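Just so we're aligned, residue 1 is where the sequence shown starts under the UniProt record's numbering, counting upward by one.
Keep in mind the hints are simulated off the structure, nothing from the lab. Bear in mind the structure is a predicted one, so any value in this text is a computation, not a measurement. Glycine included, each C-beta is placed from N, C-alpha and C at the ideal position. Please note that a few of the clues may not be correct.
To be verified - Taking lysine-lysine and the DSSO-like style, the derived pairs with C-alpha atoms no more than 27 Å apart in a straight line are:
hint : residue 1 : residue 2
1    : LYS186    : LYS132
2    : LYS73     : LYS137
3    : LYS186    : LYS137
4    : LYS45     : LYS73
5    : LYS45     : LYS55
6    : LYS45     : LYS31
7    : LYS186    : LYS31
8    : LYS55     : LYS137
What the hints assert, rightly or not - Pairwise CB distance ranges (calculated):
hint : residue 1 : residue 2 : range
9    : GLN176    : GLN136    : 38 to 48 Å
10   : THR86     : LEU164    : 16 to 26 Å
11   : SER168    : ASP82     : 39 to 49 Å
12   : SER44     : ASP79     : 25 to 35 Å
13   : LEU105    : GLU129    : 15 to 25 Å
14   : THR86     : SER44     : 48 to 58 Å
15   : LEU25     : PRO84     : 16 to 26 Å
16   : PRO145    : SER44     : 44 to 54 Å
17   : LEU164    : LYS55     : 42 to 52 Å
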Amino acid sequence: MNDPKKPKSSATREAILQATSQVILERGVEKLTLDAVAHQAGVSKGGLLYHFPSKESLVTGLIHQLRDEFETKLQEEYDQDDAPGTPGQWIRAYVRATLRFNKQLLAIITHLSNAAATINPELFEIAREQEKLWQQKVQESGIDPVRATIIQLAIDGLWFSESLGLPSPDESLRTQVVERLLAMTKESP
């Protein structure tokens, strides 16, 4: 956070978004207030309002940040694929990037879903639009679109199940499921 190359304004914005995540995790979205975030970030309320003029803009900023973090993970996984340039490369990256999203981020996203419903349902539109883009890339990943969609739905289901704290397969079975999904990206039609 104290990167000397990063402008102070950008560092402050990141600190505010990090504080927003902390408030959500510690107190829940219903206790998310501008005062609580400003206090957690160590900035004045005026400083917070300079970057985020409303609670809605704060939540929107956090949603965008999480989306950008996932996109970064997705690109990293795509670039590090064990079979670059082959069909299924994008969906393999999607599976691996989804698995890299840690439980803390899962909890924040779950809370943000609730926030979007209570603060402004239009905030769901950000996620809907992103999901449409990912679905298009899944279908264009070079493998059978039905198989690619099954893989995406399976990894999304595992991710949502874990984010909601639902019973999940033990670690051994989970690993086997993920390995099978990745293998499905390399199978011939």
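When the hints from earlier in the document are held up against this structure, which numbers fail? Of the numbered hints, 4, 7, 8, 9, 10, 11, 12, 15 and 17 do not hold.
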